[in-house]
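If you read the sequences in order, they're chains A and B. For the first sequence, the working numbering gives the first residue as -12, with consecutive numbering after it. For the second sequence, the working numbering gives the first residue as 16, with consecutive numbering after it.
FYI, nobody ran anything at the bench for these hints, they're computed from the structure.
To be clear about the criterion: a stretch of chain A counts as covered by chain B if any three or more of its residues have a C-beta under 8 angstroms from a C-beta of chain B, and this derived list gives those stretches:
id : stretch
1  : 74 to 85
2  : 95 to 104
3  : 207 to 221
Derived list of chain B stretches under chain A, where covered just means 3 residues or more per stretch with a C-beta under 8 angstroms from a C-beta of chain A:
id : stretch
4  : 123 to 131
5  : 136 to 144
6  : 268 to 281
7  : 321 to 332
Here are a few chain A residues that face chain B, going by a calculated C-beta distance under 10 angstroms:
id : residue
8  : 20
9  : 24
10 : 69
11 : 88
12 : 91
13 : 200
14 : 203
15 : 243
16 : 246
17 : 252
18 : 253
19 : 255
20 : 259
21 : 260
22 : 261
23 : 263
As the structure is a computational prediction, the values presented were derived from the model and not from experiment. Note that the Cβ used here is the ideal one computed from N, Cα and C, for glycine as well.
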Amino acid sequence: MDYAGVVGLEILYMIAFLALTSAGLAIVFGMMRVINLAHGEFVMLGGYTTIACHNAGVNVYFAMLVVAPVVVGIVGLVVERTIIRFLYGRMIDTMLATWGLSLLLIGLVTLIFGSTAVSIPAPISGYRFGEYQMGGYNLFIILVTAALVVATWAVLKFTRAGLIARGAMQGAEVVSSLGYDPRKVYMVTFTAGAALSGLAGGVLAPLTGLLPSSGGAYIAKAFITVITGGAAVISGTLSSAVIFGTVNQLVSFAVHPVIGEIAMLALAIVLLRLMPKGITGRFFRDST
Amino acid sequence: MTAWQSGGRIRWGWFLLATAILLLLPLVADTHTPTVLLIWALFALSLGMMWGYAGLLSFGHSAYFGLGAYTYAVAVINMGESTAPLLLAMMVPAIAAAVIGAMMFYGRISDVYMGVITLVVTLILFNFMSATAGDAYVIGNARLGGFNGIPGFQTLNVPGYPEISLFGLPTYYVCAVALLLCYLVCRWILARSFGRVLVGIRENEARCELMGYNVSAYKTAIFAVSAAMAGLAGCLFANWAEIVTPRMFSLGQAAEVLIWVIVGGLGTLIGPILGAIALGFVKLLLGEQTVIDNSLVLGALLIIVVLGIPRGVVPTLQRAWASIGRQSHQRHSKAGTARRRLGASPGEHE
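Same shape as in the complex, but just chain A (with noise of 0.2 angstroms):
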C-alpha cells in the first residue's frame, strides 16, 4: 500500500516535472510556432542565477520565483530582438539558430562559471511516508506547477492580454487587422515563455547539481512533451506530460530509469508518427 503510494507520488512528481519544464517551451511553440532549441538553457540559467543569488545571501525562494524569471525574462527579450524576430514563418531556420544560441550560451556559461557542477541544498527536508523517505521538496515542485498551470489558465481565459494572446494563436492577421502590433505580442509572448523557462530552472535547481550542459537534460523531454501535446498550450501540454510521466515511471520503477526514460522517448515517436498534430490537434481541438 505504502509502496502504492509511492509510486504514486512519484508519478505526480514526474508530471509536475515535464509540465513545469515545457511550460517555456510551450507557449512559444504554441502562440508563435517557434521551436526554441535554446530551451534547456533558458532553464539552466535560471538554475544559474538562483544559485548565484542564493551564494550572494538572497533568500532562495525569492531568488527562484522571482529574480531567476525576471534575469531570464531579460535574456529571452534580448534573444527575441537580436536574433528570433528576422526568422518568424521559417521555422527549420529558428530551430538551426536557437541551437546555434543553445550552443553559445554553453560556452559562455563554461567560461564564467567553469564546467564543474555546483549545487544548493533543498530548503525543504524530507518526510517519512509509512516506511519510506521521501523528499519534501518534491511536493513543492508539485504545488509550483499546479499554480503556475491555473495562473496561465486564467491569464489566458480571463485578461484582455490573454485573449490577444489566444487570437494571435489562432489567426494572426485578424489580431494585426484589429490594431494589435503581431510583433509586439510575439515579443512579449518570447519573453513570457523565457521568463517561465527560468522560473523552471529556478524551482529544480535545489533537486538537481548544475553544470553549463544541463540543459541538454530538459529539452528532450521539454522537446517531446511540447510538440506531442500539440499547439493548444495547457491542455496539450497536460495531457502529454500526464502520458508520459506515467510511462516514464511506472517502466521506471519495473525494470529500470533508463529503459524508462528510453520508452518514454520510444513512445514519442509512436505518438507521433499516429498523430502528426499532437494530441490537441486531433482530439481537444477547441481547447487553450
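With chain A fixed as given, assemble chain B onto it according to the hints.
Here is chain B on its own, set in the frame of chain A:
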C-alpha cells in the same frame, strides 16, 4: 534553374588536383590529424548529400555515425577479420535509417517533425548505450561497456589477411580513398535520374508527386544511402580513435556535423567537405587551450550563418565569383556572352 541548384557536374581537373594533394600530403605532414579531418569530411558529406539536395534535414545524424562505429567494434571483436564488419558498419545504419525513414516519409511527417524524430532517435541510442555497463550487456564476446564505451578492438586489416592490420599511414589512405569514392558515388547519384528527382522533391514535392514519382520511396532511399556513408565514417572514426563511446551519439556530435554542413554550404558537395575540414581543424586547435570553449565558437558561427549567409560560405563565394566573372567578361569582350551561353562561365559549377 541555375547549375548550383541542380546537381552540377563533376570537374575532373579539381578532382584530380584534390586526389594529388591527398596522395602527397603525408610527405609534408603527420597524418594523424588529416586522417580524422577526412573522416569528419565524409560524415559531413553524408548529411550534406541528403540535406543539400533532397532537402531532408536529419537533426540527429550522429545516430548513424555512432551505429556504424558500434557495429564495427562489436562485429570485429566477434569475427576477428575486418572485411565483413566494415560492410556491416554500412549496412546496419542503412537498414536502421530505411526503417525510420519509411516510418516518417510514408507517414507524411513534415520537416519539423522529422527533425524531432531524428533527434529523439539519437537520444534514445545515447541513453541506451550510456546505460549498458555491466555483464548483462554483451553481444557475443563484445561488452558494450556503458559510458566508457568499447576500447581495444582490432583495427582494419588487409581483406583476407587478419594478421596484417592497418594503422597510421595506411589508415590515412583508406580514409582518403573512402572520401573520394563517396564523393564520386554522390556525383553519380546526382547525375542520374534518381538524383534529379531528389532535387525536384526539394524544389517542389507536390509537383513531383503529381508527376507520378513515389516521393516517399525516394526520400527513404536517400536517407538510407546517407546513413550508410555516415556509418562508414563512424567505422573509420572508430579505427582512428581505437575506441567507441556513447558520446558519438550525443547531441553535441549531431550539432557539430550540422554546423559543418550549413557553414560549408547547402546544395554543394564540396561545401560540407571543406566546412568539416576547416571547422574540424579549428576544433582541434581550440582543444589545445582552455580559455575559449569550442561550443561557443560553433554556436556563434551557426547563428551568424543562419542570419547572414543562409546558403553557406561556398555557394556564396561561387555566386560572387560568378558575378565578378560576368562583369569582367562584359567589360573585356563580347565573346563572353557567347561563351557563357555554352555553359563555360566560371564558378557556376562546382
